[in-house]
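Modelling step: build the complete structure from the supplied sequences, incorporating the hints.
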Amino acid sequence: MKANIKTREYTTVSEVAGPLMIVEGVEGVAYSEIVDIETPSGQMRRGQVLEVKGDVAVIQVFEGTRDLNTSTTKVRFTGETARIGVSLDMLGRVFGGTGNPIDGGPEIIPDMELDINGSPMNPSARDFPAEFIQTGISTIDGMNTLVRGQKLPIFSGSGLPHNELAAQIARQAKVLAEETEFSVVFAAMGITHEEANYFMRDFERTGALERVTVFLNLADDPAIERIITPRMALTTAEYFAFEHDMHVLVILTDMTNYAEALREISAARDEVPGRRGYPGYMYTDLASLYERAGRIGGKKGSITQMPILVMPQDDITHPIPDLTGYITEGQIVLSRELHRKGIYPPVDVLPSLSRLMSGGIGDERTREDHSGVSDQLYSAYAEGRDLRDLMAVVGEEALTERDRNFLSFAEGFENKFITQTKDEDRSITETLDLGWELMSVLPETELKRVRAEHIPKYHPAHK
Amino acid sequence: MMQKWPVRTGRPYKNKLDPDIPLVTGQRAQDTFFPVAKGGTAAIPGPFGSGKTVTQQQLAKWADADIVVYVGCGERGNEMTEVLKEFPKLEDPKTGKPLMHRTILIANTSNMPVAAREACVYTGITIAEYFRDMGYDVALMADSTSRWAEAMREISGRLEEMPGEEGYPAYLASRLAQFYERAGRVTAVGTEDKIASVSVVGAVSPPGGDLSEPVTQNTLRICKVFWALDASLADKRHFPAIDWLQSYSLYVDSVGGWWDESVGENWRNVRDEAMILLQKESELQEIVQLVGPDALPDKERITLESTRMIREDFLQQNAYHEIDTYCSPSKQFKMLKTIIMFQDQATVALERGAAPESLTTLTVKEDIGRMKYIPEAEFDEKIKEIQDLIVKQTSEV
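So the sequence lines, in the order shown, correspond to chains A and B.
Going by this note's numbering, the first residue of the first sequence is number 1, and it counts up by one from there.
Going by this note's numbering, the first residue of the second sequence is number 1001, and it counts up by one from there.
If you are wondering where the hints come from, they were derived from the structure by calculation, not from laboratory data.
Ideal Cβ placement from N, Cα and C applies to all residues, glycine included.
It cannot be assumed that every hint is accurate.
[Unchecked claim] The calculated DSBU-like cross-link candidates involving lysine-lysine, where the alpha carbons are at most 30 angstroms apart (straight line), are:
1) B:Lys-1236 x A:Lys-422
2) A:Lys-463 x B:Lys-1094
3) B:Lys-1094 x B:Lys-1384
4) B:Lys-1194 x A:Lys-448
5) A:Lys-299 x A:Lys-341
6) B:Lys-1236 x B:Lys-1280
7) B:Lys-1384 x A:Lys-448
8) B:Lys-1236 x A:Lys-416
[Said to hold, decoys possible] Partner residues are not named here, just some residues of chain A that face chain B (Cβ under 8 angstroms, in silico):
9) Pro-129
10) Val-272
11) Thr-284
12) Asp-322
13) Gly-325
14) Glu-329
15) Leu-353
16) Leu-356
17) Asp-375
18) Ala-452
Right, dumping it as structure tokens:
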């Protein structure tokens, strides 16, 4: 950040508390202005104004407040909000959580400087997402279809293979009948070195690295940086998508760590806490990230978001997954029970959902029977699962013939439809045909969700 | 025509009338079981993914109001875009013009400023009142009032007011009441004594689907209709996921007259009978959970068969199916009557000594399952055939 005419410097730090620093006697300081901080040892750090009241400014320090003192610390107000210099050269590069290159390569010569907070898209300027993305994963393509411009999070638990699934999606995602591959912007917030290495290795192994831009804030980096890491990443993605017509897939992991950082700042500011100590404005704050997915009318590019979050104690009603679910267009939920049974990917389809599915499927997009097959699989599997509970109580003998059919369907669904290998890239036709094959154990009179005219056309018994 | 009006003050009217005409929505679960009246208020609480927005959009599409005001309060940008792209293409069944011509959309997506979110609900209801004063029946959908309450909470927090329950300001209940009280069927101000109405349907997004939280509870105290959306129904793809045992409507009595008059004589009896069957089913299900289906008497097994029909073939309605998306009151009534007829005929056959297995495997069940997909124009004819089939097949076993 270059010094400009609006820069003012103060040494009037009155208090350092947690990630916050309070400076007194300041003049003309603006909300969310970026500050440069010179520590007593001459090190430079970055911060942002969180609150201005009279001549007092509250600053959050991104790289942590350790060894800042109140006597010799210098604070320079830059007069600008947080910006990031972006350029096409960022593809294939690795950046730290605050946007500096950490891969040993040269500095980026910016093509544009953009405000990292972006600006909300006017709904009437948006284009409705309707292009089917084939991820090659049956439970997603067949039943929770992802479309370009959607935000679809993965709700996971600690120890579940969400990273493998996200890497597989990043690797396999494509739009049918188009050659262009997705560019991936990967933002890591508070994940371990090991997890970050897993993604980096996977990108390298598959030769995807040259179309990936990585922002890394690892577990041992200051928590407060996590507030800006995803914003840097999304701003870069917006530049790729709307200035250079690229289709960008943004992977944000792990949103739980982001929310923790938000809580830390809120607590340090003595705000009235909301549920479980998270700030009352967490919904708004999360929305300011998630809502940056989408397409803009008249522009070719798109931003598709796939945030990953680890649900504390696998609890979907915890504020983080709960608020996320209210903003995103659906969710993919991973299940510990399926994982224990050795099923990969352990996607529990019942609580999973894609809200934009109906626009992206059907004749000309995927296949005419898609929505019927999906509904039928859902209701049959739900019924099978209910019956499984019933069987545990009353025993198998007490069940009717019809009930046994549903049980064996649920079994087949888990072992054949959900289960696939980490390299298996199933096409949508394969997925739908597999669905029909599994449904054929049920009597045809039970297939109420599929259209009557599709049964003779796709049902294996009629082929 | 242009008027300026402070949005937080309700516009005047001469007097309020009793809401006794239903707001026909073309949605079976709502119209038949839990109707809302013109000038009434309804709340749709439900966790995410239970279909609040689709339900609201269905109402915006098919409700027989003259004007629809849709307030997207702190919701998703793409959903607003969907409405903007889809409504101009849909045809208003009453006028034949694009649906967009009668729709007013107020878009405040979740990443827009909080202060605007606090105001947008008032903007919506004021516009609704303006059209009401011209003599139109207006329906207002607010999706979601929880975001509005949260905006109040955020502003209240910044003002350092003393927080009430869960950090919401102490005036939350009175603000909600003030808002919903602006609904109503009224005689409008003016020399012509026009009768017009504003109906309000508010979605509520309770955190974690927990209905005991303050916004839901305060809303329920005011609203006369409660459509409880249930996550486990949504998981089974039972849509609309309206829980028939938890939901209620206080307008059933007042709109009964309209139904009896314009649809069918004994609407109320058929509806109540279906409701009793559903209630009975939930008791029977508990027994089945304990001892298995075989232990039930034959009569109860027929009841379970009929209630499965009510649930799957009547209550479930596919918003994305071109025919099923709208169901006229007369079709609704005949569908339900047919299912009740099956129940009655099957019971008679049972008493005559027919085996329950042969009754539960009748082929007419499949016809009943597909009756919702019959177009309105052919419906009267086809439903006769199905009813004849029921009589024929049950008497043959």
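Hint-by-hint comparison with the structure:
no., hint, result
1, B:Lys-1236 x A:Lys-422, "28 angstroms, holds"
2, A:Lys-463 x B:Lys-1094, "45 angstroms, violated"
3, B:Lys-1094 x B:Lys-1384, "27 angstroms, holds"
4, B:Lys-1194 x A:Lys-448, "47 angstroms, violated"
5, A:Lys-299 x A:Lys-341, "45 angstroms, violated"
6, B:Lys-1236 x B:Lys-1280, "21 angstroms, holds"
7, B:Lys-1384 x A:Lys-448, "21 angstroms, holds"
8, B:Lys-1236 x A:Lys-416, "20 angstroms, holds"
9, Pro-129, "6 angstroms, holds"
10, Val-272, "5 angstroms, holds"
11, Thr-284, "6 angstroms, holds"
12, Asp-322, "5 angstroms, holds"
13, Gly-325, "4 angstroms, holds"
14, Glu-329, "6 angstroms, holds"
15, Leu-353, "5 angstroms, holds"
16, Leu-356, "7 angstroms, holds"
17, Asp-375, "5 angstroms, holds"
18, Ala-452, "7 angstroms, holds"
Checked against the numbered hints given earlier, the structure breaks hints 2, 4 and 5 and satisfies all the rest.
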